[in-house]
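Enquirer: Here the protein sequences line up with chains A and B, keeping their order.
Under numbering that gives the first Met the number 0, think of the first position of the first sequence as 0, with each following residue one higher.
Under numbering that gives the first Met the number 0, think of the first position of the second sequence as 0, with each following residue one higher.
Misleading hints may appear alongside valid ones.
Said to hold, decoys possible - Listed next, the in silico SDA-like pairs over lysine to any residue satisfying Cα-Cα at most 25 Å (straight line):
(1) A:K256 x B:D99
(2) B:K176 x A:I155
(3) B:K176 x A:R35
(4) B:K176 x A:L34
(5) A:K256 x B:K176
(6) A:K76 x A:R286
(7) A:K284 x B:D99
(8) A:K284 x B:T94
(9) A:K284 x B:E92
(10) A:K284 x B:R50
Hints listed in this document are in silico derivations from the structure and should not be mistaken for laboratory results.
The structure displayed is predicted, hence computed values, not measured ones.
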Amino acid sequence: MNGDWETVLEAVEAAEAEGITLGELAIRSEAARGLRTREEIVAGLLRALQVMQGAVARGLQGDLFSVSGLVGGDAAKLTAGRGPLAGTAFVDALAAALAVQEVNAAMGVIVAAPTAGGAGVLPGTLLALAKHHDKSDEDVVMALATAGIVGGVVAIRASLSGAEGGCQAETGAAAGMAAAAGVELLGGTPRQAMHAVSVTMQGTLGLVCDPLGGLVEVPCVYRNATGAAMALAGIEMALAGIEFPIPVDEVIDTMGKIGREMDVRYRETAGGGLAATPTGRRLAKERLVQLKPRRK
Amino acid sequence: MVSLLDIIGPVMVGPSSSHTAGACRIGIIARALVGGTPDEAKVELHGSFARTGIGHGTDRAIAGGLLGYLPDDERLRESLEAATAAGMKVTFENTTLRGDHHPNTTRITVTRDGKTATLTGSSIGAGRILITAIDGFRVDLDGTYTTLVVVAQDRPGAVARVARALADQDVNLATMKVSRRQKGGDAIHVYELDSPPSEAAVEEIRAHSSVRTLRVIERVA
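Model the full structure from these sequences, guided by the hints.
Expert: In structure tokens form, the structure reads like this:
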């Protein structure tokens, strides 16, 4: 059992052979590297979970705003919302994802899982599911490990960087990770978790990284909420037994290929997409002007 | 190599794992090359670091790393002010580095007590980094191990002496790479270690006549 899984399928087959979850496999594989003991790994994941919980709670207070003032306060609005899904895990997931990203944009402390730009998706999805399905912190820690093994494969085969692969490599990868994690959190099999990754990531393929002014604010904050929604869609389908016809590793490779072929304007440079709209350019100029380099 | 806690992590000050946490880690390694807070640092930003780095706090993150702050240290927000208070002069400029570089790359030149070091480092996603050059030598280190960087005369036995000193102190080598610019000139050795070397091992290696510089880079949390 090596530390780096290069395909999700091999990991799933190994987990099935051992009769364990992908999360357990992730922890055993990491411990097998010899850099950290199992206890240290679990403690690291628990600390990540606590930071996630803290960031959600902080963001939901509704009083944080980004340096530019462009984003903030929206997570709290959602918890008081009266839409058709009010009161469900779905809305809690959206709110928690927004909350974490609002903290991030305000230079607060978050867990980059896998990146800061996509940091709202995993806590959004998992903490909402844990709350509504009565899962313990220990359960969520194992789910974070599940997410980690998937993210590791994406890092090796494709990319986890918006500058390299667009937003499909950040909130898209995060959604795929959260989908696998959510499936195992709710008792699904490693194979269902695998299909959750593919069916979720097919929905984020091609997603561009187009932040106003190049900053992790607009649309990143909102895109984490929609990323969590995509993960929940994948979880729902996979737990129903739906199997996506294209193998997961080919979906991940496709994400990487699309990223490499993506024009540089759509890779975090603020040269295209929403960043290049008339309003996007105007807001970047008006609101972000104070962020000029300070030279000393 | 991708560690589980790098994917579910790092715990960090926002807003960008590439532009903030990774940048901070590169700053920490630049600091290690001169063994403490530099008197002066010239930070050249390339690619996306140049285009969107300042708004992401890349300048604050690198300055914080140079001051020894870790990526989850909330003082990163105020690191430029702290740098001034600490007497560290940091300058930032945009550049286009020659050759093939990751979009998020910086070249940092640091000076402390009259000694200067330069590194080129990339932030390759999720807070992970790759140092690709030190003092003009090509290297390949990611900060996940305690790393020993030795510049020594390129002559027979130079590597053996370092390896023996480490072995005598029961330090296991995880990886090792040696490269040089020309035969018989200087060579750079990069040893990634499973545990930190003892003071005695470091002094023994440093004392050898072929060794020009020796730096210990601690594992970056």
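Enquirer: Please write out, lowest number first, the hints stated earlier that are contradicted by the structure.
Expert: Per hint list: 5, 7 violated.
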